[in-house]
Amino acid sequence: MTEEIIIAGFGGQGVLSMGKILAYSGVMQNKEVSWMPSYGPEMRGGTSNVTVIISDERISSPCLNQFDTAIILNQPSMDKFENSVKPGGLLIYDPNGITTHPTRKDINIYQIAAAEEASKIGIAKLFNMIVLGGFLKIKPLVTDEFLKKGLEKSLPARHHGLIPENIKAVEVGKEILKPYHTL
Amino acid sequence: MKELKLMKGNEAIAEGAIRCGCDGYFGYPITPQSEILEHLMAEKPYEKTGMVVLQAESEVASINMVYGGAAVGKRVMTTSSSPGVSLMQEGLSYIAGAELPALVVNVVRGGPGLGTIQPSQADYFQSVKGGGHGDYRLITLAPASVQEMYDFVELGFDLAFKYRNPVMILSDGIIGQVMEKVEVGDYKPRWTDDYIVKTYPWAATGKPKSRNHNIITSLQLESDKQEKVNLRLQAKYKECEANEVRYETFQTEDAEYLLIAYGSSARICQKVLQLARKEGIKVGLIRPITLWPFPKQIIHDIGIKTKGILNVEMNAGQMIEDVKLAVECKVPVKHYGRFGGIVPTPSEILNALKNL
Numbered sequence: 142m143t144e145e146i147i148i149a150g151f152g153g154q155g156v157l158s159m160g161k162i163l164a165y166s167g168v169m170q171n172k173e174v175s176w177m178p179s180y181g182p183e184m185r186g187g188t189s190n191v192t193v194i195i196s197d198e199r200i201s202s203p204c205l206n207q208f209d210t211a212i213i214l215n216q217p218s219m220d221k222f223e224n225s226v227k228p229g230g231l232l233i234y235d236p237n238g239i240t241t242h243p244t245r246k247d248i249n250i251y252q253i254a255a256a257e258e259a260s261k262i263g264i265a266k267l268f269n270m271i272v273l274g275g276f277l278k279i280k281p282l283v284t285d286e287f288l289k290k291g292l293e294k295s296l297p298a299r300h301h302g303l304i305p306e307n308i309k310a311v312e313v314g315k316e317i318l319k320p321y322h323t324l
Numbered sequence: 002m003k004e005l006k007l008m009k010g011n012e013a014i015a016e017g018a019i020r021c022g023c024d025g026y027f028g029y030p031i032t033p034q035s036e037i038l039e040h041l042m043a044e045k046p047y048e049k050t051g052m053v054v055l056q057a058e059s060e061v062a063s064i065n066m067v068y069g070g071a072a073v074g075k076r077v078m079t080t081s082s083s084p085g086v087s088l089m090q091e092g093l094s095y096i097a098g099a100e101l102p103a104l105v106v107n108v109v110r111g112g113p114g115l116g117t118i119q120p121s122q123a124d125y126f127q128s129v130k131g132g133g134h135g136d137y138r139l140i141t142l143a144p145a146s147v148q149e150m151y152d153f154v155e156l157g158f159d160l161a162f163k164y165r166n167p168v169m170i171l172s173d174g175i176i177g178q179v180m181e182k183v184e185v186g187d188y189k190p191r192w193t194d195d196y197i198v199k200t201y202p203w204a205a206t207g208k209p210k211s212r213n214h215n216i217i218t219s220l221q222l223e224s225d226k227q228e229k230v231n232l233r234l235q236a237k238y239k240e241c242e243a244n245e246v247r248y249e250t251f252q253t254e255d256a257e258y259l260l261i262a263y264g265s266s267a268r269i270c271q272k273v274l275q276l277a278r279k280e281g282i283k284v285g286l287i288r289p290i291t292l293w294p295f296p297k298q299i300i301h302d303i304g305i306k307t308k309g310i311l312n313v314e315m316n317a318g319q320m321i322e323d324v325k326l327a328v329e330c331k332v333p334v335k336h337y338g339r340f341g342g343i344v345p346t347p348s349e350i351l352n353a354l355k356n357l
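Protein chains in written order, with our numbering: chain A, 142 to 324; chain B, 2 to 357.
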């Protein structure tokens, strides 16, 4: 099993930390992982993306141009990455702020209204965990047990009190994910 | 006890230094390697192992602090990225001339000049063909994973002390920034002064009555003395070439074509291998781990049996010169590269392979 994922959105949406939590959960579950951020001046106030690979085997390239899954959180990322999903792959996106919806017919597409839900239930900071929940519903790469361990490892000890809220946000994500176009 | 961590390549360099018992780090921040100094400062090794961590006023100061520390037999290092490493070349030549062990890490970014902060491999020539003046060599290690970033710090120090020669870890922005799983070891204690006196009799550790002065210098005013230094250096480099060549091969057994790449390019080429093999193209990969001494023999032996070689680097083609020498131009060798911080995609390398 190898899952090659791109997570892309605006800087500040928690794109990188969501990837890190996923990667750390993978490590806890004894998988091979790779987390490669886009770095550079474009991150400051602009778009931000990270390539996360989780595998049972040694990982080849940490930089890719074709992905099994794209998690897309803004319009510039939709423009950039919709066509990078492998045929038969998965695209999950938050429709908030999306003006041009995806048009691919050869991939599975799901919507997750995470921004709307996060502000509705007053957990705006856990937006990224809601999105992660949506992804894990379709691709349960890591179990809840290892996700919790991944959170413990990737959050500083002073924030460990927030782990139950994070897990709850993941559950919310699993509930609100809805199909947009499936094969 | 072994411990698993998820770390950036840069953090792994810092962690490797602390845990292998490094005595001192002297550096100046520059993207894409600033996490090394940040991680060291956050870990406060001066409280754990007594390791010194110092942010110097410049790269020139850093390398000369390393020169000083190395002269007394301490395991000392500096790190930087391309423009900063250019500033260190004078010091590196002096350290090589004075035959001192030292570790330098270059997390390469696009150049020339201030260039860009994104990944590149354009400092190959600088590392393996000199960079500084005079007939000297840098033992150059090219890590391709975060684990190797960690492991090569201790290996680098071992080689530096074995040969009394500076060692370069030539990394790049990808391996510096990527996070991967790393197995870290226990904290090893730093060497005691007694151990250094006993094991490294050349070190300037203070003169007892029983021996003459230990003189650390790269200056010889008489040319016959300087020639002796050069002959000794060359003999040492020969020994190094005989003993320290390291490489990794992938699917070369039935290869009709061969990719040659190091560092992050070698990682991307492993993906190319998967894609090409799916299309029935019999291709293998050789990844030099030591860029100097260069694995010429294995490249020759495997290379001359193939129909063609594609050299892949994030530069205009630098290692390709060594590859051509290794196969004595008996088979066609072509180059594929991108510049200025652009990372080539597996598909574009595959296309270049098909057009060999």
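It should be emphasised that the hints constitute simulated quantities derived from the structure, not laboratory data. Heads up, some of the hints might be wrong.
[To be verified] Okay, derived cross-link-like pairs now, DSBU-like style, lysine-lysine, Cα gap no bigger than 35 Å in a straight line:
1. B/K355 <-> B/K325
2. A/K319 <-> A/K221
3. A/K309 <-> B/K6
4. B/K325 <-> A/K289
5. A/K290 <-> B/K49
[Claimed, not checked] Covered by chain A, according to a simulated footprint, are these stretches of chain B (three or more residues, beta-carbon under 8 Å):
6. 15–27
7. 168–181
8. 314–321
Just so it is clear, CB atoms sit at the ideal spot from N, CA and C, and this is done for glycine as well.
Okay, the hints, checked on the actual structure:
Of the supplied pair hints, the one linking B/K355 and B/K325 holds, its CA atoms being roughly 20 Å apart against a limit of 35 Å. The hinted pair formed by A/K319 and A/K221 meets the criterion: a straight-line CA distance of about 23 Å does not exceed 35 Å. Using a Cα cut-off of 35 Å, the hinted pair A/K309 and B/K6 holds, with the two alpha carbons roughly 26 Å apart. Straight-line distance between C-alpha atoms of B/K325 and A/K289 comes to about 52 Å, which puts the hinted pair past the 35 Å bound.
Of the pairs offered as hints, the one joining A/K290 and B/K49 holds, with about 27 Å between alpha carbons and a cut-off of 35 Å not exceeded. Only residues whose beta carbon comes within less than 8 Å of a beta carbon in chain A count, and the segment 15–27 of chain B has 0; fewer than three means the coverage is violated. Only when three residues or more bring their CB closer than 8 Å to a CB of chain A does the claim for the segment 168–181 of chain B stand; here the count is 6, and the claim holds. For the segment 314–321 of chain B, the assignment as covered by chain A is violated, since 0 residues bring a beta-carbon within under 8 Å of that chain's beta-carbons and 3 are needed.
Comparing the model with each earlier hint shows violations of hints 4, 6, 8; every other hint is respected.
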